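Novice: Below are the chains, spelled out letter by letter.
Protein chains: 2
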Amino acid sequence: MNNFEFVNPTRLIFGKGQISRLNDLVKKGTKVLMTYGGGSIKKNGVYDQVKEGLKGCEVIEFGGIEANPDYNTLIKAVDICKKESVEFILAVGGGSIIDGTKFIACAANYKGDDPWQIVVNDKETLPAALDFGTVLTLPATASEMNNGAVISRRDLNQKFAFHNPNGFPKFSILDPTVVYSLPKKQISNGIVDTYAHTLEQYLTTCLDTKVMDRWAEALLLTLIEEAPELMKAESHPNYDSCANFMLTATMGLNGFIAMGVEQDWATHMIGHELTALCGLDHGETLAIVYPGLMDVMRKEKHGKLLQYARRVWNIDDKDEEKAIDMAIEKTEGFFRSIGKKTRLSEYGIGQDVIEEIVRRFTERSWRLGENGIVTPEKARMILERVK
Amino acid sequence: MNNFEFVNPTRLIFGKGQISRLNDLVKKGTKVLMTYGGGSIKKNGVYDQVKEGLKGCEVIEFGGIEANPDYNTLIKAVDICKKESVEFILAVGGGSIIDGTKFIACAANYKGDDPWQIVVNDKETLPAALDFGTVLTLPATASEMNNGAVISRRDLNQKFAFHNPNGFPKFSILDPTVVYSLPKKQISNGIVDTYAHTLEQYLTTCLDTKVMDRWAEALLLTLIEEAPELMKAESHPNYDSCANFMLTATMGLNGFIAMGVEQDWATHMIGHELTALCGLDHGETLAIVYPGLMDVMRKEKHGKLLQYARRVWNIDDKDEEKAIDMAIEKTEGFFRSIGKKTRLSEYGIGQDVIEEIVRRFTERSWRLGENGIVTPEKARMILERVK
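Taken in sequence, the protein lines are chains S and X.
When we follow my numbering, the leftmost residue of the first sequence carries the number 1, and every step to the right adds one.
When we follow my numbering, the leftmost residue of the second sequence carries the number 1, and every step to the right adds one.
Calculated directly from the structure, the hints in this document are not laboratory data.
Hints are not guaranteed to be accurate.
Result set (DMTMM-like, lysine to aspartate or glutamate): computed pairs, CA atoms no more than 25 Å apart in a straight line [claimed, not checked]:
hint, chain 1, residue 1, chain 2, residue 2
1, S, Lys55, X, Glu5
2, S, Lys123, X, Asp24
3, S, Lys330, S, Asp319
Coverage of chain S stretches by chain X, computed from C-beta distances (three or more under 8 Å per stretch; other residues unrestricted) [stated by the list, open to error]:
hint, region
4, 10-18
5, 221-227
6, 305-318
It should be emphasised that the depicted structure is a prediction, and the values quoted were computed from it without experimental measurement.
We put the beta carbon where it would ideally sit given N, CA and C, even for glycine.
Turn these sequences into a full structure, and let the hints guide you.
Specialist: The structure is reproduced here in structure tokens:
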């Protein structure tokens, strides 16, 4: 087991009817910026519940934050925070809204000239973020319980992640009934995203991390077990399935399964480029890349791939390579079973995009994956594998 | 799944050599009360590492806190905190030292006349505790990452738990190498304690809590797998076994496996009485009571007992009652395999003690267990079962 440091101060408030808890979580009289997206919260009742919960606060609304939140949108909210002396931000939405809000909260207290440095400059000293909380409407990114965010800049064709040690949400309210009205595509994106988050922290080096291994497997198994119910065409919502999904998504990237293990993240980095260059949803990119990475990196990840085959897919074939082949097939099959395409060609993505991604990784001298094992050349092989 | 609220702000610093991190965790010049027990830390090198880490701080030592920390000992430390205007407390020890320190930290800021009310009066409003951190020397209670404490009062033959919402350690340093020099009896107490903590949050009602169920099973399986290595007579310390044990103990009672599930705690409450009346170690009491509780409450806990048999002990007997019998036998056998007695008679404890415990529970009108299913009469049956 590796040495590690863990901290996660976010207060999780989980269950039906819990949005009303805003009444005691946000002090009356607070000046609140309420951030949200395209307005789906006005259709599913969440908007009204939030407004009711914030009664007695001075609320400024900032809607219209897009999926893969854009720097040039967010900077407008930063200006409002500064001009209006906003005291608290409440993000109401999914990962994009919450990620965007983390940037707003951080940039509002930033003293430098160029807030984009917060995102791109690892060595930038980040300020304590403005206090913020979240009401989650889409289980997927776990942004509601971590201090990371992914921000896009369309004018530069870029998409990067940043982490602020002082940027955890103060609280996050998770009401699983929000899942009832989600489009199936968003649910399947959330399933793939959570599955991939878990693999990034699991499918690496064997370090005798018994608890973390089984905790990660628990999340994978829960997703596999709940997916059919969640993807059912009819809308007879099963509360416990939604609750299991929502909790799994949060636990997938809040540090709880990351203690003492190596981490990969190559699939996410390759996926970010596919989103930046071709506009695919984040979850869509992961469903393509992961099976490819498993195959190309099978030697380096042999021990964990075999454990994954045995424990998650219950494959007991004595031939280890065959067991791994079957696990990769099962993984791709799982993604396809929830409606995800798993090949670049299905989106009309060709060799030119592969070349551009390899060019970018080479230019940036990126060695991705645990211990830098995913070189630009390996990234090419992964993408070629899933053409 | 039940609604729940979760928060745990303790910073965990885990791994070999991490005690030196005190240098940056406690600000130079701070007035620190250093609490510890009987002096074993002076033999295993921890004392020296802590003193080195606290260089530049003004350190007042308070040693001699006993196992099952006593109110009348702790109150002396409270007086020192007040008289010397202590700013930070560092607990160096196991659960007893940390529990005692939580009481000290809470009582130091308490304005009432009778600090014992902190422990016995549920309705007492507790103050924010004085800031404190811990250096853990004995994996068992998870007190290093929760806000609960158990305090004894020998002059009244009493032992009770209390929780302070504002009483989490600021940080806890867990260096698994401290396990190397522990007496086997303390290791086996820690294993039983962690196993029991996990069962208290697992072996209750089936609520379709897929993640929590598997996370709890992960802890149980890790303990079962690591116990033989940890209990080996020779001292060829296996670092990863110690690390897995230490992490499991912390995760067993820090709220991570408690989300959305029912909890029991009857075994602990019965065990506390056995400690108060007969002086048994906490872990010793649990090894006796749990197999008895499993059998007596088998109807109410049927679903979970069966899942426990199948998933933890790999028992696939189709006869459900037989499978549960085997799981209870396996549990008792596991405790015995690490040197624990599992019957009251082995400690010379007779009917008079059983009667006294039932009398106390009846007097207090206690209905223990999830949904109050463990009545005083059931407590009697449990104790009779393990005579």
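Novice: Would you mind marking each hint as holding or not holding in the structure?
Specialist: Quick rundown of the hints versus the structure:
{"no.": "1", "hint": "S:Lys55 / X:Glu5", "in the structure": "22 Å, holds"}
{"no.": "2", "hint": "S:Lys123 / X:Asp24", "in the structure": "20 Å, holds"}
{"no.": "3", "hint": "S:Lys330 / S:Asp319", "in the structure": "16 Å, holds"}
{"no.": "4", "hint": "10-18", "in the structure": "holds (count 9)"}
{"no.": "5", "hint": "221-227", "in the structure": "holds (count 4)"}
{"no.": "6", "hint": "305-318", "in the structure": "violated (count 0)"}
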